[in-house]
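Enquirer: Each chain is listed here by its residues.
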Amino acid sequence: MTSSCERDDICSATTPTTPNAIITFYDVANIETLKSVTGLRIIGDGQEDALPTVNVVTTDSITIPLRTNMNSTKYTFHKDYSFDDNGTPDDSSDDVIGGNPDVVTISYAPDQIYVSRACGYKTIFRNFSIDLEDDGDTWIQTILNVTDNITIENEDQAHINIRH
Amino acid sequence: MKTKHILTLGISILLMLMSISALAQNEDTSDPVVSDSLKITNRYGIRLGGDLSKLIRTVLEDDYQGFEIMGDYRLTKRLYISGEIGFEEKTTKSEFLRSTANGSYFKAGLDYNTFDNWFGMENAIYAGLRVGASTFKQTVNDFTVYNTNQYWEEQFTSATEQEFSGLAALWSELIIGLKAEVLPNLYLGLNAQLKVLISDDQPSNFENIYIPGFNKTYDSGRFGVGYGYNVSYLIPLYKKEK
Numbered sequence: 004m005t006s007s008c009e010r011d012d013i014c015s016a017t018t019p020t021t022p023n024a025i026i027t028f029y030d031v032a033n034i035e036t037l038k039s040v041t042g043l044r045i046i047g048d049g050q051e052d053a054l055p056t057v058n059v060v061t062t063d064s065i066t067i068p069l070r071t072n073m074n075s076t077k078y079t080f081h082k083d084y085s086f087d088d089n090g091t092p093d094d095s096s097d098d099v100i101g102g103n104p105d106v107v108t109i110s111y112a113p114d115q116i117y118v119s120r121a122c123g124y125k126t127i128f129r130n131f132s133i134d135l136e137d138d139g140d141t142w143i144q145t146i147l148n149v150t151d152n153i154t155i156e157n158e159d160q161a162h163i164n165i166r167h
Numbered sequence: 005m006k007t008k009h010i011l012t013l014g015i016s017i018l019l020m021l022m023s024i025s026a027l028a029q030n031e032d033t034s035d036p037v038v039s040d041s042l043k044i045t046n047r048y049g050i051r052l053g054g055d056l057s058k059l060i061r062t063v064l065e066d067d068y069q070g071f072e073i074m075g076d077y078r079l080t081k082r083l084y085i086s087g088e089i090g091f092e093e094k095t096t097k098s099e100f101l102r103s104t105a106n107g108s109y110f111k112a113g114l115d116y117n118t119f120d121n122w123f124g125m126e127n128a129i130y131a132g133l134r135v136g137a138s139t140f141k142q143t144v145n146d147f148t149v150y151n152t153n154q155y156w157e158e159q160f161t162s163a164t165e166q167e168f169s170g171l172a173a174l175w176s177e178l179i180i181g182l183k184a185e186v187l188p189n190l191y192l193g194l195n196a197q198l199k200v201l202i203s204d205d206q207p208s209n210f211e212n213i214y215i216p217g218f219n220k221t222y223d224s225g226r227f228g229v230g231y232g233y234n235v236s237y238l239i240p241l242y243k244k245e246k
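Listed in order, the protein sequences are those of chains A and B. The opening position of the first sequence corresponds to residue 4 in this note's numbering, with each subsequent residue numbered one higher. The opening position of the second sequence corresponds to residue 5 in this note's numbering, with each subsequent residue numbered one higher.
It is possible that some hints are incorrect.
Stated by the list, open to error - If you only want the chain B side, here are some residues facing chain A, beta carbon under 7 Å, derived:
id, residue
1, Tyr155
2, Gln206
3, Asn209
As the list claims (entries may be wrong) - Take a look, some chain B residues computed to stay more than 12 Å from chain A by CB distance:
id, residue
4, Asn46
5, Ile50
6, Leu52
7, Leu56
8, Gly87
9, Leu114
10, Ile129
11, Val144
12, Glu165
13, Leu171
14, Leu201
15, Ser208
16, Ile213
17, Tyr214
Said to hold, decoys possible - Looking from chain A toward chain B, a few residues come up when the C-beta cut is under 7 Å (computed):
id, residue
18, Asp11
19, Ile13
20, Thr20
21, Thr21
22, Thr56
23, Pro68
24, Phe86
25, Gly123
26, Tyr124
27, Arg129
These aren't lab readings, by the way, just hints derived from the structure by calculation. Bear in mind that the values here come from a model prediction, so they are computed numbers and not experimental data. Don't be surprised by glycine CBs; every beta carbon is placed ideally from N, CA and C.
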């Protein structure tokens with residue numbers, strides 16, 4: 004007998020599917036201590052809008068999505084972000100953007116894992132590595148994988164530490 | 005929903021047929037010509053048939069093909085050896101995943117007729133047990149990775165078919181049903197089946213969403229359900245008193 008709305012057919016929000024990368028921020032002077040980043044805004048390479056959850060916030064922990072159809076995801080981590088359009092919202096030539104942007108690329112081998120008939124497949128990210136572009140003025144001092152955790156497969160703990 | 009209506013309709017028609025033939029029977033027995041010395045004999049033989057519902061679904065549903073041949077052999081007044089063999093191909097679709105199961109199956113077991121027939125009638129309300137086995141293939145046709153975060157809109161999509169062949173499953177089954185003789189030796193029947201999966205080979209990095217003969221599997225456990233809607237013909241071999 005066919006029926007169109009059974010519980011098995013709905014992917015429950017509590018089912019872990021494709022994980023986001025979790026990043027925590029530590030104090031470079033005291034690497035055991037969490038330290039918030041001020042005015043953080045993160046935008047994906049080629050994207051129009053910032054991550055909705057990281058759009059000028061002060062925080063010591065963030066989650067960012069990784070691209071499941073690529074081998075890497077590139078973001079700009081913009082600290083102390085400020086924006087002034089000089090009273091001309093339609094003219095971007097005189098816009099002043101303040102703060103310090105750093106470009107971070109996370110590379111990995113995506114792998115598709117079966118979850119359930121309702122959720123289908125999720126992607127996990129194996130052998131991930133992080134690259135910080137050296138622009139001569141990085142606010143990020145060190146960015147590293149959390150010890151031995153080289154696969155992003157769930158959201159149970161942080162995957163990446165940033166010291167600043 | 006469509007198939008549920010067909011099933012309900014089928015049940016009504018069959019019950020009606022059974023009561024009509026029972027009425028007709030009533031007239032027969034009230035016939036004064038029938039004497040007490042007339043021996044009550046039952047026909048024994050092989051009944052062969054097929055499942056109409058699977059043929060109907062093959063026509064109506066784009067993502068289903070199947071047929072089933074059934075047969076039974078009468079052992080005693082109430083007991084029958086019964087079996088079914090069949091083939092099914094079923095595609096299951098969700099927003100993120102499309103997969104196809106196809107393969108063949110057979111079921112074998114016993115039916116027990118609980119119905120007390122009037123003289124000369126051979127209707128049945130029965131309960132039975134089966135052991136079912138299927139050999140089948142699962143194919144993941146295509147999928148799109150499920151991601152609750154849609155910041156990067158495009159997710160990984162696979163359109164490369166992955167095949168898992170040589171899979172097998174074993175289950176047990178409780179079956180209850182009706183069979184009504186609508187014309188001499190011709191029976192219409194319907195049944196419902198409750199199945200319990202005993203074992204099944206799991207495809208790697210996938211699961212058996214559908215098993216031919218067992219039908220849809222459920223996340224919640226090892227149970228499955230099914231129904232049949234049969235037409236069958238009795239080949240009488242001999243008659244026996246009682």
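Enquirer: Next, verify each hint and record whether it holds.
Expert: A quick look at each hint next to the structure:
A hinted interface residue such as Tyr155 (chain B) counts as satisfied when its beta carbon comes closer than 7 Å to some beta carbon of chain A; here the least separation is about 5 Å, so the hint holds. A distance limit of 7 Å between C-beta atoms decides the matter here; for Gln206 (chain B) the minimum to chain A is near 10 Å, and the interface restraint is violated. Given hint, Asn209 (chain B) at the interface with chain A, holds; its Cβ is 5 Å from that chain's nearest Cβ, closer than 7 Å. Non-interface call for Asn46 (chain B) relative to chain A: holds, since the shortest CB-CB distance, roughly 34 Å, exceeds 12 Å.
The Cβ of Ile50 (chain B) lies farther than 12 Å from every Cβ of chain A, with a closest approach of about 30 Å, so its non-interface assignment holds. Leu52 (chain B), annotated as away from the interface, keeps every beta carbon of chain A farther than 12 Å; the closest lies near 26 Å. Listed as a non-interface residue, Leu56 (chain B) keeps its Cβ farther than 12 Å from every Cβ of chain A; the least gap is roughly 15 Å. For Gly87 (chain B), the non-interface assignment is confirmed: its Cβ lies about 23 Å from the closest Cβ of chain A, beyond the 12 Å cut-off.
A cut-off of 12 Å between C-beta atoms confirms that Leu114 (chain B) is not in contact with chain A; the least separation is 25 Å. The Cβ of Ile129 (chain B) sits about 21 Å from the closest Cβ of chain A, beyond the 12 Å cut-off, so the non-interface label holds. Separation of Val144 (chain B) from chain A is inadequate, the least Cβ-Cβ distance of about 9 Å not exceeding the 12 Å criterion. The Cβ of Glu165 (chain B) lies farther than 12 Å from every Cβ of chain A, with a closest approach of about 14 Å, so its non-interface assignment holds.
Every Cβ of chain A is farther than 12 Å from the Cβ of Leu171 (chain B); the closest lies at roughly 15 Å, confirming the non-interface assignment. Once the 12 Å rule is applied to beta carbons, Leu201 (chain B) is consistent with being away from chain A; the minimum gap is 15 Å. At roughly 9 Å, the least C-beta separation between Ser208 (chain B) and chain A is not larger than 12 Å, which violates its mark as non-interface. For Ile213 (chain B), the requirement that its beta carbon stay farther than 12 Å from each beta carbon of chain A is not met, with the minimum near 5 Å.
At the 12 Å boundary, the C-beta of Tyr214 (chain B) falls inside the reach of chain A, the nearest C-beta of that chain being 9 Å off. Checking Asp11 (chain A) against chain B: minimum C-beta separation of about 5 Å stays under 7 Å; hint holds. Because the closest C-beta pair between Ile13 (chain A) and chain B is about 9 Å apart, greater than 7 Å, the hint is violated. Using the Cβ-Cβ criterion of 7 Å, the hint placing Thr20 (chain A) at the interface with chain B is satisfied: the shortest such distance is roughly 5 Å.
The interface hint given for Thr21 (chain A) holds, since its Cβ lies 4 Å from the closest Cβ of chain B, which is under the 7 Å cut-off. Against a cut-off of 7 Å between C-beta atoms, the interface hint on Thr56 (chain A) is violated, since the closest Cβ of chain B lies about 9 Å away. Because the closest C-beta pair between Pro68 (chain A) and chain B is about 4 Å apart, less than 7 Å, the hint holds. The beta carbon of Phe86 (chain A) comes no nearer than 20 Å to any beta carbon in chain B, farther than 7 Å, and the hint placing it at the interface is violated.
Below 7 Å, beta-carbon pairs count as interface contacts, and Gly123 (chain A) has one with chain B at about 4 Å; its hint therefore holds. At about 5 Å, the closest approach between the beta carbon of Tyr124 (chain A) and any beta carbon in chain B falls short of 7 Å, and the interface hint on this residue holds. Hint on Arg129 (chain A) is violated. Least Cβ distance to chain B is approximately 14 Å, over the 7 Å limit.
Of the numbered hints stated above, those contradicted by the structure are hints 2, 11, 15, 16, 17, 19, 22, 24 and 27, listed in ascending order.
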